[in-house]
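> Starting from the given sequences, assemble the full structure and let the hints guide the process.
Residue numbers (full-length UniProt numbering): 1 to 331.
Just so you know, the hints here were simulated from the structure itself, not pulled from any lab data. Keep in mind that a hint or two might mislead.
[Claimed, not checked] Quick list of simulated restraints, FRET-style, between CB atoms:
id, residue 1, residue 2, range
1, Ser-124, Thr-49, 30 to 36 Å
2, Asp-142, Lys-168, 33 to 39 Å
3, Thr-154, His-245, 34 to 40 Å
4, Val-255, Lys-29, 31 to 37 Å
5, Leu-275, Leu-139, 40 to 46 Å
6, Thr-32, Asn-285, 53 to 59 Å
7, Asp-266, Asn-82, 31 to 37 Å
8, Lys-184, Gln-300, 32 to 38 Å
9, Asn-284, Thr-20, 39 to 45 Å
10, Ile-291, Glu-254, 14 to 20 Å
11, Phe-253, Ser-149, 50 to 56 Å
12, Lys-57, Ile-291, 39 to 45 Å
13, Ala-243, Gln-18, 26 to 32 Å
Positions of the beta carbon are idealized from the N, C-alpha and C atoms, including for glycine.
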Amino acid sequence: MKNIAFLLLLITIPLKAQKTYTGRVLSAKDSTAIQGVSIYFDGTSLGTTSNAKGYFKIKNTASNISPLIFRSIGYTTQTVPNISVFEDENFPIVFLQESIDELETVILETDPWTRAHKLRVFRSEFLGKTKAAGKCKILNEDDIRLKYSPSKHTLIAYADKPVIIENKHLGYIIEYELMDFTVKYSGGSSGLRLVDYTFFEGSSFFKELKTKPKKRFIKHREDAFTGSLLQFMRALSKKELEAHHFRIFYDKFEVQPYKYFDIQPDADFTKVTMLADKISILHNNQQSSIIYKSPFYIDQFGNFTPTRAFSIGGFMGQSRIARLLPLNYGL
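Structure representation (structure tokens):
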């Protein structure tokens, strides 16, 4: 069975040389200040809120790939990819548009699946099927809308509000802004529907479940990091794959770790061009695969862009949200 997961997160990693970014958030309708806007670097636990006059201050680093997210109830979430504008001390302004309720796309066919069944599929494909997934709970499932198209053999999901996940395995509350979610099925030889691929993308913000993480959370986080895509990217950019026990295979044969990677370091980022369409990765008997599409860039702590440069299969792809760590983990 072909089962490839595409996990696309708009992400960022803080480096140790921090900068302070400042700005102001106003309503696009009447230029009034908006208080309590959630402002965060996507994929991390680094965030803040705007004050009564709309001003905010947040710290991160200059070599940041991903955008700053602005989210507030009643307004359309805004993504600012070029965070350098907030380095100025004149408090650049971000205008938020009031959200408009849009009519759902009409699917001119009967949806044969019950909501209960669609939710079971969503939980399984979104959270994953690992032990960690059993310790996760979506706190606002009523905000998730689900549709199955029998003609396209596709399940889609969308939500106007962030999906809130309580992860009692890793000790996080995750606010996940779901931008796209698709499960595509194909028919097997027995006539049963099999998952061909799962694709979802969005932005995420992490909060600690407890003020002080419990020892078991710390241990589980270490386990989740070991052999993860985040660890692999950090090791690849530094040419430390062997030191972290990553083995590379091509066409079923083990090869030298960097034979199919053209790695070009730069001041802040490392450019990676793969010289094969697909390679396999083995780490502690867990197998993953990378299907290559285009060159990508990694910063020194494992953040990469563009997010659609490759797709992930196997162990890394099956980990899903339940084993997802903030990208500033361990830094």
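> For each hint, tell me whether it holds in the structure or not.
Structure-based check of each hint:
1. Ser-124 to Thr-49: 30 to 36 Å: holds (34 Å)
2. Asp-142 to Lys-168: 33 to 39 Å: Distance hint for Asp-142, Lys-168 is violated at roughly 21 Å.
3. Thr-154 to His-245: 34 to 40 Å: Holds: the Cβ-Cβ distance is about 38 Å, inside 34 to 40 Å.
4. Val-255 to Lys-29: 31 to 37 Å: Violated - the Cβ-Cβ distance for Val-255 and Lys-29, about 58 Å, lies outside 31 to 37 Å.
5. Leu-275 to Leu-139: 40 to 46 Å: Check passed, 44 Å falls within 40 to 46 Å.
6. Thr-32 to Asn-285: 53 to 59 Å: Given about 58 Å between the Cβ atoms, the range holds.
7. Asp-266 to Asn-82: 31 to 37 Å: Violated - the Cβ-Cβ distance for Asp-266 and Asn-82, about 18 Å, lies outside 31 to 37 Å.
8. Lys-184 to Gln-300: 32 to 38 Å: holds (36 Å)
9. Asn-284 to Thr-20: 39 to 45 Å: holds (40 Å)
10. Ile-291 to Glu-254: 14 to 20 Å: holds (19 Å)
11. Phe-253 to Ser-149: 50 to 56 Å: violated (41 Å)
12. Lys-57 to Ile-291: 39 to 45 Å: Cβ of Lys-57 to Cβ of Ile-291: about 41 Å, so the range 39 to 45 Å holds.
13. Ala-243 to Gln-18: 26 to 32 Å: The hint (26 to 32 Å, Cβ to Cβ) holds, given that Ala-243 and Gln-18 are roughly 27 Å apart.
Checked against the numbered hints listed earlier, the structure breaks hints 2, 4, 7 and 11; every other hint is satisfied.
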